[in-house]
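**Q** Sequence:
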Amino acid sequence: MQYLQQILLMLGIGLLSAGFYYLLSQFKIKLERLSQDYEQLKNQFIVIQSAHIIQGKKLQDTEVELKHMVHLKKNLSLQPKNASKSYEQAAKMLSIGANPNDIMECCQLTKGEIQLLSQLQKSQLEGFVH
567 MQYLQQILLM LGIGLLSAGF YYLLSQFKIK LERLSQDYEQ LKNQFIVIQS
617 AHIIQGKKLQ DTEVELKHMV HLKKNLSLQP KNASKSYEQA AKMLSIGANP
667 NDIMECCQLT KGEIQLLSQL QKSQLEGFVH
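Numbers given in my numbering equal positions in the sequence shown, counted from 1, plus 566.
Hints were generated in silico from the structure; no laboratory data involved. All clues given are correct.
Cβ-Cβ distance ranges computed for the label pairs, FRET-style: (1) Leu574 with Glu605: 44 to 50 angstroms; (2) Lys608 with Thr628: 29 to 35 angstroms; (3) Thr628 with Phe593: 49 to 55 angstroms; (4) Gln687 with Ile620: 55 to 61 angstroms; (5) Gln685 with Lys639: 27 to 33 angstroms; (6) Lys623 with Ala584: 57 to 63 angstroms; (7) Asp627 with Glu598: 42 to 48 angstroms; (8) Gln571 with Arg599: 39 to 45 angstroms.
Keeping only pairs whose Cα atoms sit at most 25 angstroms apart, straight-line, the calculated DSS-like set for lysine-lysine is: (9) Lys677 with Lys688; (10) Lys608 with Lys623; (11) Lys639 with Lys624; (12) Lys596 with Lys608; (13) Lys633 with Lys623; (14) Lys594 with Lys608; (15) Lys658 with Lys688; (16) Lys658 with Lys677.
Don't be surprised by glycine CBs; every beta carbon is placed ideally from N, CA and C.
Generate the whole structure from the sequences, applying the supplied hints.
**A** Shown next, in the form of structure tokens:
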């Protein structure tokens, strides 16, 4: 009977060892999968981080460009008002027969601009006559 107990004890220890070995191998497989998942996630994070840095740089570049455009718009919006007032004043002076040289000096326009205004006024007058 003692021999049978020893055999059963050995079988029990063998089964426990086999079960432990099985659990250990399953744990090792899961650990390898988790390690692979970790590496994939780490690589994805690096890609996302790089994309984020690139997008941030593009956003900064766009902000700089937008500020430049706003500055240009402010400068340009000032010019047409002043320029149109000069042309309006020159047109009024031409209509009352002012000297072209005086108009050039007063409105800071070129001789060509004064001639163009004069021709425009003449063509408008001819349009009303016909």
